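Colleague: Note that the protein sequences, when read in sequence, are chains A and B.
Residue numbering for the first sequence follows our numbering, starting at 593 and increasing by one per position.
Residue numbering for the second sequence follows our numbering, starting at 20 and increasing by one per position.
To be clear, the hints were calculated from the coordinates, so they are not data collected in a lab.
What you are looking at is a predicted structure, and each value in this text was computed from that prediction instead of being measured.
Only true hints are included.
In silico contact screen, one side only, chain A against chain B (beta carbon under 10 Å); selected entries:
1) P612
2) G613
3) H614
4) D661
5) G697
6) W710
7) R744
8) T776
9) N777
10) L780
11) E781
12) G782
13) L783
14) E787
15) E790
Even for Gly, the Cβ is constructed at its ideal location relative to N, Cα and C.
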Amino acid sequence: MQGEATLTDEQLNKYVEPMPGHPKADLDRIDSAVQQVLDEYQEYNTAIDGALAEDIHRGLDITRRTAGDPGLWHWLAVVRYPDLVRHRWEYRSEEAMREKFLGAGSDLYSNAIHRLWWIAELTSRGDDYSTTDAVFANQTMVNKVFDRWFARYQPAVQVMCDELEDEKSRVIDETTRRFNHALTNVQLEGLSEDEAREIIREIVAESQ
Amino acid sequence: MTRHSQRHRTTVLPFSYRDKGVDFELDSYTVDDGNQTALELNPAQTEIDLASAVSSSDSSDDPDWNTITLHGKLGLSEETVQAVFPQDERAQPPAKLYVTIRCHETIYRDRVVISEAPTTPGEYDVTIEVPKSTVRGTFELRPYLVRTESHSGEGLSDYADQKNFRVASGTLYYVVVDRTDGEERAAIDGERVRFSQNAHLPDGNKLYYLDFRNESRPKLWINSDHPRIAEVLQSRGSVGAEARMRDVILDQVSYGVWIQLLVRAGSAVDVEGDVEYEWQEMVLQTFARNLYDTSDVSEATHRLRDNLSDSQTLPHVIQRIDSELQEYINPREQLIHLMEEGLQI
Numbered sequence: 593m594q595g596e597a598t599l600t601d602e603q604l605n606k607y608v609e610p611m612p613g614h615p616k617a618d619l620d621r622i623d624s625a626v627q628q629v630l631d632e633y634q635e636y637n638t639a640i641d642g643a644l645a646e647d648i649h650r651g652l653d654i655t656r657r658t659a660g661d662p663g664l665w666h667w668l669a670v671v672r673y674p675d676l677v678r679h680r681w682e683y684r685s686e687e688a689m690r691e692k693f694l695g696a697g698s699d700l701y702s703n704a705i706h707r708l709w710w711i712a713e714l715t716s717r718g719d720d721y722s723t724t725d726a727v728f729a730n731q732t733m734v735n736k737v738f739d740r741w742f743a744r745y746q747p748a749v750q751v752m753c754d755e756l757e758d759e760k761s762r763v764i765d766e767t768t769r770r771f772n773h774a775l776t777n778v779q780l781e782g783l784s785e786d787e788a789r790e791i792i793r794e795i796v797a798e799s800q
Numbered sequence: 020m021t022r023h024s025q026r027h028r029t030t031v032l033p034f035s036y037r038d039k040g041v042d043f044e045l046d047s048y049t050v051d052d053g054n055q056t057a058l059e060l061n062p063a064q065t066e067i068d069l070a071s072a073v074s075s076s077d078s079s080d081d082p083d084w085n086t087i088t089l090h091g092k093l094g095l096s097e098e099t100v101q102a103v104f105p106q107d108e109r110a111q112p113p114a115k116l117y118v119t120i121r122c123h124e125t126i127y128r129d130r131v132v133i134s135e136a137p138t139t140p141g142e143y144d145v146t147i148e149v150p151k152s153t154v155r156g157t158f159e160l161r162p163y164l165v166r167t168e169s170h171s172g173e174g175l176s177d178y179a180d181q182k183n184f185r186v187a188s189g190t191l192y193y194v195v196v197d198r199t200d201g202e203e204r205a206a207i208d209g210e211r212v213r214f215s216q217n218a219h220l221p222d223g224n225k226l227y228y229l230d231f232r233n234e235s236r237p238k239l240w241i242n243s244d245h246p247r248i249a250e251v252l253q254s255r256g257s258v259g260a261e262a263r264m265r266d267v268i269l270d271q272v273s274y275g276v277w278i279q280l281l282v283r284a285g286s287a288v289d290v291e292g293d294v295e296y297e298w299q300e301m302v303l304q305t306f307a308r309n310l311y312d313t314s315d316v317s318e319a320t321h322r323l324r325d326n327l328s329d330s331q332t333l334p335h336v337i338q339r340i341d342s343e344l345q346e347y348i349n350p351r352e353q354l355i356h357l358m359e360e361g362l363q364i
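Here chain B stands alone, though its shape is the one from the complex (with noise of 0.2 Å):
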């Protein structure tokens, strides 16, 4: 798939380019001057959750902490140099290695630099120091290799020339410092895998599955058989052309995904009108009174549960819930988000 990844990339740059062309692993932190801790991280997570390691005592007060002190290694590859230089750049590559860290709740973008050109094949230590003034809720961590002179000359047409034009980067690490209360959740679980290795998951291109076998929790599963949709899907800017994609894909699973719950929750409405779990509970308080244009949920309720085991009324029941979800995912916004991007508009 990376090697899929970095095809797709080089047709989009007009030069070679290494999206995965730097490997970034960041292994261990520091809170202000305590220990160096280990960051056990399995070997996909981009996740690193430190909020609980900086929580206050006394939630409703700030966390007590001023600086958080990430450290890792960057490293640089032969062959990234080779793909991405010129052959008479190749022995001293013209380039800075540098870490991004990027806040979007606190309109933050800086950098850190850790080597200035030129920056040669090998392992780079790496030491990112976050204050918390500059933070807040999630920052983003992105290593970039970038040209730092400009070059003119024959046969350069397959690699970048200019000053200051990215050639390579590396994983993009999320690193959680706050929670919010309403964080704590969420209502049914979800988790990527791949279907294809796990005889309980449907065969076939799949995107994604809701697995009812634990009735009073259902779990959606996501096929990370296919990668690059994985990938998108665990995007977390708000800007840019991945996270436009993200929120489509998003509403396409979660159409699915609603229809099958508010099918199952109404079918489990019984004479007295109760349903048995909290996701059933809560997905008929949602839907179930627009559905019926009430403001009486126990009728609205009773009403979906009848309509939906008689084969008379169920295709205009199935009308409704589909009219209801387009209003509540309002999947038009975020295309035309999309639409907007792609056109560059």
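So that you can see chain A by itself, here it is in the shape it has in the complex (with noise of 0.2 Å):
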């Protein structure tokens, strides 16, 4: 996970086998946008992220389930994108770095590049992806909105990440511990776009 190794085709196919369901990718465009991210923005830049969720997202075709499956990211990771893992996440420990090239499943900030996808998935509508890079920039509201359970549930999530776009951490982090406790006794899939966004808004309001 540390320094510099070469794994060679050989190595790599044993490991790497067809997805099911033949998912389809324009790799084209992802490689691309991976090429100008490597070339134009510093190591550890967190702007990377929302330089290339957008790309990530259309490129990859896939349904939910095929998203679902942790070879895919294991693969895009490890084989096709490593120096990307790597120009984005610093090294700091071997757990860490394991977790960006080989995390994957339900948890949203483990692999380097799922994450970029599933963000995207979560946050975009249709071909407007306004609120995603509304997301990406503004890394607090990483951290706090897609480190809870409630942005599994699309319309509470969208909702609440259109409200805190322009909030100080300090309003979001207390948001989100404050809907997340609300929770506790309102049922979240019951609740429409627009009751989310009625019990979200007076949240803000209590916060700021």
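Two chains, two frames, some hints: make the complex.
Modeller: Dropping the structure here:
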């Protein structure tokens, strides 16, 4: 996980297998976006996330079912874009770096590429990625919203991101914590987008 | 037990809540446009295994289906309505009834509305369509009765009074649509049963019992005389208090189980260093080398056998086993998760 090593196709091939369902991807588009980021952004710059998320989401034409296959993200991080993972994430520990290459599953924070696709999946509305862009422009929002379990319910996460877009870190922290607490009594999946907005606006106002 | 569970719930939530207040029964399923097939579930069975029904003939490919439709009934009793709504709302309860769909692997949460407000006592037909694109592995279905209006007034302190507050829920079903190769068969069997009603199982308040009557295949019995514990052990989620508690209980059970398996397997090693059964081999392969800090499994199993049979060395090897199991199980990690959950850190 630390230092440089080159894995040959021969070494890798025994671990690589076709994806079930034959999902499609525009890897040229992602290649080009990744190359641009490597050329234009300093190492470990968090702005890399926002610069890539839309291209990764658009480039991978997959369902949530396919995205739930950890093998896809392992291949993208280890085989296709290892330089990107290293460019974005500084080596701090074996465990942390292992997670960026070999994480996946329901933890939105693990694999370096998986998290970009999922956050775009949860925040985009058709072709509109403005909420995705807003989220990645504010790392507090990425940390505080997507670390919470309510972020898996799309109407709630989209409203939360809309309402917190221009707020200070303290308000984001307080609002996500209080909304999570409110879900002790409120049943999350019963909320329409309007109802979620009403509750979240009230909490934002109290948190300011 | 249901009554006990509900009393517990009422003390946790600041209003009357019925954890099992909605009867939920799934009775059949359809795959795409196929025939409706009956689900033959045991009375307490909450896991529905559809993996074989939808599996692909070519195991390397994605199963060949688009939508699974589950059919069943939701029942809302007069008793539940009276328990969770104040007098003036009981004739026309301002509540909706829906079933949530959650899938951890696909980061998915949604719901299917069964009844909009008012939801009066009675039986409701349930049809839940689940597209393949949204799920993977196991997904969960659970019904909720939720308020649709806020209510203010005197004497409401015993009842939920805010819009969208949950007031009742029902059975949580786990529907399995994919099984991975590694899930085929565990090394030992496990089963939940009431010890008090089975003469071959120990008396008293035992939590579990490892049964060696069939030495070739030990069996772990979990005592369902303690239904709250058995219920938590059956939970399948990865977040929340139940999941955290389950992991700690499992650590506790597994510690006791591993000690027994390891001592039994170590004692069964013959002079050639061999054992008779597959589970013994598995246990020794897993632990023996670490116990003696050697890469030679044969040397380690011989030493384990000798140490277990000698009263001089027995206390020391038990201490080694204890130390190794604490490393292997790592109970500290799950305990911290539970503490964080409990303390809302």
